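*Asks:* Given the coordinates of chain A, assemble chain B with the ligands onto it according to the supplied hints.
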Amino acid sequence: MLSIRNLHAEVEGKKILKGINLEVKAGEVHAIMGPNGSGKSSLSSVLAGRESYDVTEGEVLFDGKDLLDMAPEVRAREGLFLAFQYPVEIPGVSNINFLRTALNEIREYRGMPQMEAKEFLKLTKEKQKLVEFEAKLVNRSLNEGFSGGEKKRNEILQLAMLEPKLSILDETDSGLDIDALRIVSNGVNELRNANNAFVLITHYQRLLEYIVPDFVHVLYDGRIVKSGTKELALELEERGYDWIKEEFKTEETAG
Amino acid sequence: MANQVSVPLYLDLLNGFEGWLAMEGSEENESVLQLRQKAFEQFKQLGFPSRKVEDWKYTPVQPFLQEPFEFSPVAVQNAAHAAINLEKAYIDGLEAYKIVLVNGKFQSALSDNNLPAGVTIKPILEAQEEPAFAQYFGKVVNTSKYHFPALNTAFFSDGLFIEVAANTVVDKPFYLVQIYTGNKNLFVQPRNLVVANRSAGITIIESIVSENPESNLFVNTLTEVVVKENAQVNHYLLQTAGKGFRQVNHTEVSQKRDSVYSNYTFSLPGADLLRNNLHVNLDDEHTESHLYGLYLVADRQLTDNHSFVSHLHPNCQSNEVYKGVLLDKGTGVFNGKIFVERDAQKTNAFQQNNNLLLSNTATINSKPQLEIYADDVKCSHGSTVGQLSQEAMFYLKSRGIAEQTARRLLVSAFAFDVTQNIQIPALEEHINNLIIQHIPAEQELVKA
Ligand SMILES: Nc1ncnc2c1ncn2[C@@H]1O[C@H](COP(=O)(O)OP(=O)(O)O)[C@@H](O)[C@H]1O
Ligand SMILES: [Mg+2]
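Which chain is which? The protein sequence lines are A and B, in order. Per the numbering used here, residue 1 is the first one in the first sequence, and the count goes up by one each step. Per the numbering used here, residue 1 is the first one in the second sequence, and the count goes up by one each step.
Check the hints yourself; a few may be wrong.
Far from chain B, by Cβ distances over 12 Å, these chain A residues were calculated [said to hold, decoys possible]:
(1) Gly19
(2) Gly37
(3) Ser52
(4) Val74
(5) Glu108
(6) Lys125
(7) Glu134
(8) Glu246
(9) Phe248
Derived contacts from chain B toward chain A, CB cut-off under 8 Å, selection only [said to hold, decoys possible]:
(10) Tyr136
(11) Glu391
(12) Ala392
(13) Phe394
(14) Tyr395
(15) Leu409
(16) Ala413
(17) Phe416
Note that these hints are calculated values from the structure, not bench results. Here the structure is a predicted model, which is why all the values come from computation and not from measurement. Where a beta carbon is used, it is the ideal one built from N, C-alpha and C, also for glycine.
Here chain A stands alone, though its shape is the one from the complex (with noise of 0.2 Å):
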C-alpha cells in the first residue's frame, strides 16, 4: 500500500529526513517509536504534503501511485489520512459543515453522489458514539477552546468519518488520560481490518498495549534506525532511548 524509498527532505534548508525506507501492507499496524526530535512528525508531514518541506531525495508510492506528485487534497481523496499530533483552532468554521465538506468532497472525487443528510446526520452519530465524543462539540467551532483529548479524539472522529486507507497517527496517545486512551484505542481497534493500515507514531509503549502492532520501528536522527515486532517496544520502554543514542549518533550529531 505504501512504499517509502530513501526518502531525503529538508526544512528551511536543514537537513531532516536522511534516508527513511518502509513497506506497509493492507492489513498491517507498524509502529513508529523514537525520542523527541527525531524526524517522526516530518515524515507525517511529508507524507501529508505540508509545503514548508522540500523532498530532496526519494521516493514515496501510495497503491502504486507518486504520492509525492499530488496535492495534499488528493493525497487525502486517494485515502490518505494524518491525525495531526497538534490540531489548529479554526473559529468560524463548524464541526460539522468542516466533516460533510470534506466527506463530500472525498465521495465526489470517488465518484460518489454526495450524502443526503439524513445519511450524513446517521453516520456522523454513530462515528460519534464509537469515541464517545460529545455531540455538542460537533457543532462548536472546529477545535475551538476544545481540551487536548476532545481535539485528539476529534481526530479519530475524522477518521472513522472519512474511512481512509492509510492513516497516521502522530502521537494521538500523548497526553491522554488512560479513558481517552482507551476510546482512542477501541475506535481505531473497531475500524482495523484486512483493507486498510495504520501507522502509529508514538513517544510510549503504553499504546501499544491497546493496539496491538505489527512492526516496530525505531526512527532516530532521520533514518529508521531499527525494525522489529512489539517486542521492540517493550525494550525500548525498559531502557529508554539513550542506547540508540549512543548507537547510531551520526558524526554531525556527535558533534
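*Replies:* Here is chain B with the ligands on its own, set in the frame of chain A:
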C-alpha cells in the same frame, strides 16, 4: 485652494445653481430654499476635498470626478434605461415590502403598494408639508463641515421620506432597491429622511445596484435617520453596483433616549469607489448602537468606510465590528472614530476592525481613533491586518477539501463575526453566497 481638487464639475455646479433653482425649486417652500442656498454657499467654500483634508487622506476623489457629468434632474431621469431589470437586486426568500427607485426616483409601478398602516413613504420632494419633515429635514446633519452633504443639500432631487408612527412595529422589512442607470455620465444626488417615532420599529434594507455599461455614474447620497424615544431601527446597506459606479453615501443618525439603532454595511466588489460615512449621534441617555460592516474589495476598487460615533450623554453603549477582505489590487480604508464628551460618563464603547489580505498587491489603511473626555467609561478598540492561516489551510486540505473550498470556508469564517448578526436569515444566506462568489479559484496569496 490646496484643500480642494479642481475638477470641471465644480465650476459647472457653481454656474448651474441659479438656473437649476429656477427650474426645480419653484414649488418648494421657503425653508427648503433657504437650506439649499446656505448649503450652496458652504459647498462653494468647501469644494471637493483634496487629500490634504484629513478625512480624505487615503481617498482621492479627483480620479472619480474627472469627466464632465450631467447633473440636472431632467438629464438624470432621461438618461435612465427604459427597461429596468431588477434581477441584480433579487434576494431569494426575502419577505419584504419592495420599493424601487431608479436614479433616486420612486417607481410606483415597480414597487409594492400594499404598505402597512402607520408607515408614510413618499418621494422627498412631495414631503415638505409633513410635520416630521419640517422638524428634522436638514437638521440632523451639519453641512458646514462636510463637503458632499453640503453639495447634496444644495442640489438634492428625489429620494424618499419614510416615517413610522409611534408604537408601530412594522411586520416585514422595507426593501429599497436603488438602481442607477444611464447612457451618459451622470452625477446623481438622492436625499432620504427616515423618522421612527416613539416606540416604533422598522427594518430597512437598502440595495444599491447599477446598469451603466458605457458610462460613469457618481452618486452622492445623503440619508438622515431619526430614532426617537424607545424606537428600534435596523438599517442594512448592500452595495453590489458594478464598474463605472462611484458613490459617496453619507448616513447621519440621531438617537433619542432608550433607542436602538443597528447598521449593517456590506460593500462588495464591483464599483470603482465606495465611500461610506456613517455618523451616529447619541443625543440622549441609554441608547444602544451597533455598527457592523463587511467589505470585500477587489480589482482596482477603492472602498472607504468612515464611521463616527458621538457619545454626548451618559449611559450609552456602542458596538462596532468591521471586517475587510482585500483582493487583487483593491484598496480598503477604515476610519472609525469614537468621541466621548466629558458628560458622557458610564459610556460603553467598543470597536474592532480586522482585515484579511488575500493578495500582495492589495492595500488596507486602518485607523481607529478614540477621543475621550469622560473618565468613568469602558472603551476599547483594536485593528488587525492578517493573512489566511497556512496551518488552517493545510489542515482543511489534508481532509480532502479543495484549495478554493478551503479558502472560502476560512473567509466565511473570518466574516462570521459580522454575518452572524444579520437578523434576517434570507439576507444572511444571500450575503454568505456573495462572499463565497467573490473568492477566486486562483488567488495570488501573500507570502507568509
Ligand atoms: N519548520 C521547521 N524549521 C526548522 N526546523 C524544524 C521545523 N520543523 C521541525 N524542525 C526540526 O526537525 C527536527 C525533527 O522534528 P520533528 O519531526 O517534529 O520530530 P519528532 O516528531 O520526532 O519529535 C527537529 O530537530 C526540529 O527542530
Ligand atoms: Mg512529533
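*Asks:* Work down the list of hints and note, for each, if the structure agrees.
*Replies:* Taking the hints in turn, this is what the structure says about them:
no., hint, result
1, Gly19, "25 Å, holds"
2, Gly37, "20 Å, holds"
3, Ser52, "8 Å, violated"
4, Val74, "8 Å, violated"
5, Glu108, "9 Å, violated"
6, Lys125, "20 Å, holds"
7, Glu134, "21 Å, holds"
8, Glu246, "36 Å, holds"
9, Phe248, "31 Å, holds"
10, Tyr136, "40 Å, violated"
11, Glu391, "5 Å, holds"
12, Ala392, "5 Å, holds"
13, Phe394, "6 Å, holds"
14, Tyr395, "5 Å, holds"
15, Leu409, "5 Å, holds"
16, Ala413, "3 Å, holds"
17, Phe416, "4 Å, holds"
Against the hints set out earlier in the document, violations occur for numbers 3, 4, 5, 10.
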